[in-house]
Amino acid sequence: MLIDFHANPGSRSPEEFAAAVEAAGLDAVVVTLPNTTKKLEAYLDALEDAEILAFGGVELTLDRGALVFVPRVLDDAFLDARWSPKEARPWALDEALKLLAGFQGALLAGHPYVREGRSPLGDRIYTIKGLKGIETRIGRGLVTRDRLADTAADARGWVKLGSSGGEPDQLGAAMTVLLADVDEQDDLVDALAPDVCFPL
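Numbering-wise (our numbering), the sequence shown opens with residue 86 and increments by one.
Rather than coming from a laboratory, the hints here were simulated on the basis of the structure.
Small disclaimer: the values here were computed from a predicted structure and weren't measured.
Check the hints yourself; a few may be wrong.
Stated by the list, open to error - With a Cα cut of at most 27 Å, we get these calculated DSS-like pairs of lysine-lysine: (1) Lys183 with Lys124; (2) Lys217 with Lys123; (3) Lys183 with Lys217; (4) Lys183 with Lys214; (5) Lys123 with Lys183; (6) Lys171 with Lys245; (7) Lys171 with Lys123; (8) Lys183 with Lys171; (9) Lys124 with Lys171; (10) Lys214 with Lys245; (11) Lys217 with Lys245; (12) Lys245 with Lys183; (13) Lys171 with Lys214.
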């Protein structure tokens with residue numbers, strides 16, 4: 086299966102997003118709206134109608150970089166949680182981790198060494214506890230930065246992921262080959278392992 090773990094619809098409608106995912110050649114996506122889950126179910130429904138396997142998540146935009154969280158269960162506690170900071174600013178890393186501590190699921194990180202519109206996590210990636218995987222390929226041809234991400238993943242035993250990096254116009258630029266049959270959120274969380282996921 087070809088999956089994008091960090092797929093942001095941007096300004097697309099649910100139907101437009103489903104068409105874009107199909108055009109990108111993806112079999113599945115984790116829909117990750119930045120700092121909100123308010124329209125998540127509409128996007129998941131549109132993807133299901135298009136016969137594309139869809140999972141829900143959320144992106145927490147940090148002051149440097151971004152975290153992606155994939156819950157084990159898409160329940161009301163997750164969907165109704167306040168995912169935006171109280172003030173009009175990005176999340177501080179410690180605040181984001183404190184919020185996520187109340188949920189079960191997989192914690193992932195955006196590419197730690199890519200600068201596109203925001204400062205990257207950089208070597209702070211090594212300080213984050215509880216990470217299951219990080220983006221090491223986002224399809225921008227940044228080989229040196231990708232190797233730095235590989236080094237971090239290898240050092241910590243994190244799963245290496247390919248994705249669009251939460252950039253709406255980059256769907257299909259990179260993805261993850263997932264060597265597992267998954268249908269539910271908890272199956273996807275359990276499938277995140279280095280010998281099952283391969284960035285492409």
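Evaluation of the provided hints:
1. A hinted pair counts as satisfied when its Cα atoms are at most 27 Å apart, and Lys183 with Lys124 qualifies at roughly 24 Å.
2. A distance of roughly 25 Å separates the Cα atoms of Lys217 and Lys123; the hinted pair therefore holds under the 27 Å criterion.
3. Only pairs whose Cα atoms come within 27 Å are accepted, and Lys183 paired with Lys217 is accepted, the gap being roughly 16 Å.
4. The straight-line distance between the Cα atoms of Lys183 and Lys214 is roughly 11 Å, inside the 27 Å bound, and the hint therefore holds.
5. Simply put, Lys123 and Lys183 have alpha-carbon atoms about 21 Å apart, close enough for the 27 Å limit, and the pair holds.
6. For the proposed pair Lys171 and Lys245, the alpha carbon gap of about 32 Å is over 27 Å, so the pair is violated.
7. A C-alpha spacing of about 16 Å is found between Lys171 and Lys123, which places the hinted pair at or below 27 Å, so the restraint holds.
8. For the hint pairing Lys183 with Lys171, the CA-to-CA distance comes to about 14 Å; that is within 27 Å, so the pair holds.
9. Taking the CA atoms of Lys124 and Lys171, the gap is near 19 Å; set against the 27 Å cutoff, the hint holds.
10. Between Lys214 and Lys245 the alpha-carbon distance is near 16 Å, which keeps this suggested pair within the 27 Å criterion.
11. Simply put, Lys217 and Lys245 have alpha-carbon atoms about 9 Å apart, close enough for the 27 Å limit, and the pair holds.
12. At roughly 24 Å between alpha-carbon atoms, Lys245 and Lys183 fall within 27 Å of each other, so this suggested pair holds.
13. In summary, the hint linking Lys171 to Lys214 is supported, as the alpha carbons are separated by about 24 Å, within the 27 Å threshold.
Checked against the numbered hints given earlier, the structure breaks only hint 6 and satisfies all the rest.
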